[in-house]
Amino acid sequence: MIPAAFDYRRAKTIDEALALIGETAEEARFLAGGHSLIPLMKLRFSQPDRLVDIMHVPGLAGIWERNGQVGIGATTRYVELERSRILQDVLPVVAEAAGEIGDPQVRHRGTIGGSLAHADPAADLPAVMVALDAFLDIVGPQGRRRVQAEDFFQGFFTVDLAEGELITEMRMLPRRTAAYAKLHQKASHFALVGVAAALEIEAGNGADGVCRGARVAVTGLSTHAQRLRGVEASLIGERLEEEVIRAAAERAPEGIEEVNDDLHGSAEYRREMAKVFAARAIRRAAARA
Amino acid sequence: MSEKVPVEVRVNGELRSAAVEPRLLLVHFLREELGLTGTHVGCDTSQCGACTVLIDGRSAKSCTVFAVQAAGSAVTTIEGLAEGEALHPIQEGFWEEHGLQCGYCTPGMIMAAASLLKENPDPSETEIRSGLDGNLCRCTGYQHIVNAIARAAQQG
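Chains as they are written, first to last, in our numbering: chain A, 1 to 289; chain B, 1 to 156.
Just chain A, with the same shape it has in the complex (with noise of 0.2 Å):
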């Protein structure tokens, strides 16, 4: 398959990224690891005209904690997120969804801004990122702004990113107890249903104390990536002993509009398993604490 002719540039900087981005009349695109947007060009769903490849841009990849924050950039590579020292100690959870992302060959090349960016509703990473409450930094023709992750997503393939925008960073706080557990869809990886779990745990009891918050939030069950908060209601305020988790778990698809339903996987099973995989997250994040 071969996608439609495009224009290519490097860009060496985010302004210039910006201006070869804006400088065209025609479609344009960001270019990052590609492994969204291919396969899509390759099909024509997608046919830019100009290709702006960020990925030597410097600055833009990496993993730093500051002022209490962990930052991540736009074009960190899947395999980054799995193997940093940093996410592996104060946030686990987004290692953990990075190292289940597809394959080997995929991890190595995909960026997490590329994944939020396209959205997919099977996608790992934006449950995460939902779930964390985290902040997306993007910059555009019109300067900075910052979106909330929760907002960020809005529908089927669809967030708040306009013409000539680019995310340039991911902001978080430290949350060591947070996990996903995902169903994977056995060929593409992509999650049949994945739920990412951030909880603030009572300090002093381990797993035993008191639930003071709960983020929840699911993939793949529809649109796109979207709280659980009936999930998160059944959790606040109670001791996660087994029976409290398996309650909180049996709500998973209150509220849940549009649920998928595909040759993969029908309405009925991704909900029954939304609230399988939704208890399996709780724990394994309780067990962090």
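It is possible that some hints are incorrect.
[Said to hold, decoys possible] No farther apart than 27 Å at their CA atoms in a straight line, the calculated lysine-lysine pairs in the DSSO-like style are these:
1) Lys12(A) <-> Lys4(B)
2) Lys118(B) <-> Lys42(A)
3) Lys275(A) <-> Lys186(A)
[To be verified] Covered stretches of chain A, going by a simulated chain B footprint (3 or more residues, C-beta under 8 Å):
4) 94-105
5) 187-197
Because the hints were derived from the structure by calculation, they are not lab data.
Fair warning: this is a prediction, and the values are worked out from it, not measured in the lab.
Just so it is clear, CB atoms sit at the ideal spot from N, CA and C, and this is done for glycine as well.
Go by the hints and put chain B onto chain A.
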């Protein structure tokens, strides 16, 4: 628009340059521009791994990379593994353990294994299997492929 642009890629240690259309995929650059037909096109949809090569030492599916993206990088293909007549330990492993049947997936399997062993020289059987998550064998000869890689790890 579709004008050819110069690319320079270090392929199997040798600097190779050509003028290519930006839409040319790396796998076609290797096969058609450079005549390195050991890298196969299988599914052409980023799943089967037959087109796996190393880019700067890490496995990648060359059907999902444009040649222009690889400019300035080092690419290793199946042709770059053996030293003269001496097979690479992974090739040796496939030979000794009957790691191939029809052979179509073999170059991709070997390159995926090369990437795995580079990072994890002593993998468990489970780690070998996860390392091959991105490669399909339609002869379903997986057990012998796993044995071949385990042997290569021991020999290496």
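So, going through the hints one by one against the coordinates:
About 21 Å separates the Cα atoms of Lys12(A) and Lys4(B), which keeps this hinted pair within 27 Å; it holds. Note on Lys118(B) and Lys42(A): the hinted pairing is violated, with a Cα-Cα distance of about 31 Å set against a maximum of 27 Å. A C-alpha spacing of about 20 Å is found between Lys275(A) and Lys186(A), which places the hinted pair at or below 27 Å, so the restraint holds. Check on the segment 94-105 of chain A: 4 of its residues sit with their Cβ under 8 Å from a Cβ of chain B, so the three-residue criterion for coverage holds.
Coverage of the segment 187-197 of chain A by chain B holds in this model, with 3 residues showing a Cβ closer than 8 Å to a Cβ of that chain against a need of three.
When each numbered hint is compared with the structure, a violation occurs for hint 2 only.
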